[in-house]
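A.B. asks: One-letter residues, chain by chain:
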Amino acid sequence: MAFSTPDSDQRAFRESSLGPRTVVICILSIGLMALDKQNDHMQTARSVLATIAYPIRVLIDAPSSFGLWLSEGVSTRGTLLSENREFNERILVQDARLQRMAALQAENARLRALLDSTAKVGDRVLVAEIMSVDMNPFRHKIVVNKGSSDDVYVGQALIDAQGVIGQVTHEQLYSAEALLITDVDHALPVELLRNQLRTIAVGTGDLEKLSLPFLPRNADVIEGDLLVTSGLGGTFPPGYPVGVIKEVTGESGQPFLSISATPAAALNRIREVLLIWPDPTGTVAIAGEAEAEVEELEAERDSAANTAEPADPLATPDADADADTEDPAADGAGAPEIEASEAPDAEAQD
Amino acid sequence: MPRRKAPSWPVWLIFVAATALMTVPLPDAMTPFRPPWATMVLIYWIMMWPRVFGLGTAWLVGLILDVLQGELLGQHAMALTVVAYLTLRFHLQIRIFPLWQLTATVFALLAIEAFILFWIDGVAGNPPVGLARWTQVLTGAALWPPVMAIMDRVRERIEYRDPTFT
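Chains as they are written, first to last, in our numbering: chain E, 1493 to 1842; chain H, 63 to 228.
In isolation and in its complexed conformation, chain H is listed as follows (with noise of 0.2 Å):
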């Protein structure tokens, strides 16, 4: 099996891109509609990558996350973890869906993760945070086919130089 050659550190960039993002300070009126960047993106590369970001990566970026936003260590690790294992188990089918059936997909991905956190808040007794986690789904199954493009171009062009690709 030949070793894959393209380089995976612009992907960490956009990681670490991504989990800034969701820290940056917004208007009050807008934090409801914070799209969960980490997540997306995480999303888009364990589908396309799944043999250089999986679990591991997952958890990484979750830990990371709950660290920066203050929460339970742990709590955004262990929703990631799930989304992952689910895009890692779909990956095949979801890779070849059109567009729709996959931001219907990522919509899916997303409200479970949501779900996940909502879960965990409870049982760890956080104060309920109200509808924001959901209106946070919505705007980032809305923002997918934008930032999938975005994403394709740049694995397009990591791609273009790895001859194992092609």
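Same shape as in the complex, but just chain E (with noise of 0.2 Å):
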């Protein structure tokens, strides 16, 4: 019986205040929304709020990372052996890919010295998981494990193995929030790796479409080409792919084509993702010892070129002869990467 208990005095409520009140935490919400939109002023007030909800967070996503620990303490040996197996082989597949990379970095290290840029090429990355929690449904936002007690911070490009897979909207102090690039709020500076066209691949709602709705009739693109992060605008460290051109369709009278494209990154099946931190020291480091570095490289091109052993990716970091007469804030953005498609697992730390 839905109404067992009698109503009583106790339970009765009558409050003058009760409008005004309403009206003034209306007006503070409201205050809220605008400042929040303003995006840098709420800041710290929602990470403070997200980080006391940080434990429904853990709660929600108990159940999945739990599973996930089940299967893997009950899969059998075979399963792990041939999972190992393939690892094994996948990692010779890599290391003979990297043997070469040595080799073609430390040329194109020597080429930028000849044409006086700075090559960036070491970027620091963490692996983070990506926790189980549905954010608003209807925007494509997720939620990762590592927040400013790991060095995160807004801003920062998240990539998975394949491709670049969006950027840090919130961080705090545990997790962090970040912003797909298929989010419609999204825009992401791009070139096109074949011709260097640059333009601005922008988010549908999609995950499985972008869209590029700048580029002029008469634009070189062809479907298939290779999109990848142009570096412009300082989010995304230049060189990472980004997409595939899908289709590409112009209709007369449009002064745009219209031109959608996939997704490198499987942003729907991803569990962990790689945050990036564009390495500031790297173009320090190189003003110090530049002649040492590049030295180093051509040792390492040639134990590359012996195929003794595989090189060490953390030892080859970019290198410029006369990084020391510039001033290194202004070689910052650089020249487009050639080898990007095999620039994200160079390396990985923790």
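Calculated from the structure, these hints are not laboratory results.
Any given hint might turn out to be false.
Keeping only pairs whose Cα atoms sit at most 20 Å apart, straight-line, the calculated EDC-like set for lysine to aspartate or glutamate is [said to hold, decoys possible]:
| hint | chain 1 | residue 1 | chain 2 | residue 2 |
| --- | --- | --- | --- | --- |
| 1 | E | Lys1701 | E | Glu1739 |
| 2 | E | Lys1738 | E | Asp1698 |
| 3 | E | Lys1529 | H | Asp183 |
| 4 | E | Lys1701 | H | Asp90 |
Two independent chains are provided; combine them into the complex using the hints.
C.D. replies: Written out as structure tokens, the structure is:
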């Protein structure tokens, strides 16, 4: 029976100030929203609240992480063995590719030295896991389990093994929220790998589709072109793959082509992502020991040519012979990388 | 006036559980039908214990919800405050409604909440959500009778220990 307890004075409630209080709270909320829309003002309040709410997120995430842990725990020896074999094979293939990469990097560095420009190759990365938490289901947002305690910062780029995923929009102590590149609010400076044509890739709200609305009708774009980050705008480091051009249609009478691209990263199947720190010390380090590093790179190229052992990815920093005569800040964005598709898996820390 | 002795922490646990349920991952096909749990339990407890839970509770739960869902800070807070106001204002009337009338009232309250959220989305320039907000209202109203039955059980359990209620 729904109403078994009779009404008494205890459960009746009348207050004359109810209306005014509601109005005050509503005005307060509107003020909050206005400040939050400005984004920077409410950052601390938001991260405090989110840190308080973090246990709720852990609670929500618990069943799926527990399931993962359980399935790992009870997987058979055969499965583990075959998985292991597969990983070993993959490492072999990638090591072989890395050997070539070392040689190419050294060559790239020397060519860049000739051109007086700085190569930025070394980015620090950190593996983070996506928590299975549904944010607003109508936006493409994710929560990762690394936060400002791991030096994650707002605007940081996220990638997976195949390409760019998105960028961090809010940081909390132990978690961070990120916007995927396919969100309707997201725009990403990209260039075509084939001819370095720069443009902007805009999210569509569809996880399988990006849109390039700003290319004129005479732009040189064909299906299958690879899009990489251009590094303009400073948020995403240059040279990471973004997607592949899927369809190019130009209707006569329209000033721009309508182009759609498929994201390179598997945005709806990822569990682990990489957070990138574009190496800010890279140029400084080069300034001091440029020549030594060029020599080191050449030595490495030799060893790679001998194929005696796979090159250590951590020991292949960028180099520029003449960087010590330049302002490190001036050559920040640099020219686009050439071996772009090989870059992301170069080095991992933690 | 005797002070209430019935503990309110179980109800806070319910609020936490309800906000958690609103961010639990669901299959894509199910997300338009996710009921607004937090609003529903708020309506119930404000209606039943208006001295304990009120505008402040609604605002707090709304803020937590905003943070968890990554929305504009204050969006749910404002919508829930308005719902709490209406519930408080009419709690004596709707408490004695028969179930079907109460369900209709809850449907109206949920629709008002959805409308405020929709309206704020529009003002803030967020991308339109489409029909999903309104299907959530439908599932919420449809699930009101079972939710109410469970909450009644909980409430009677708590109030049973408190002599001021009988």
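A.B. asks: Is the Cα-Cα distance between Lys1738 (chain E) and Asp1698 (chain E) 20 Å or less?
C.D. replies: Holds, at roughly 14 Å.
A.B. asks: Quick one, are Lys1701 (chain E) and Asp90 (chain H) close enough, alpha carbons at most 20 Å?
C.D. replies: holds, 17 Å
A.B. asks: Going straight from one Cα to the other, do Lys1529 (chain E) and Asp183 (chain H) come out at no more than 20 Å?
C.D. replies: holds, 11 Å
A.B. asks: Holds or violated: Lys1701 (chain E) and Glu1739 (chain E), Cα atoms, limit 20 Å.
C.D. replies: holds, 10 Å
Figure legend: structure checked against the earlier numbered hints; every hint is met.
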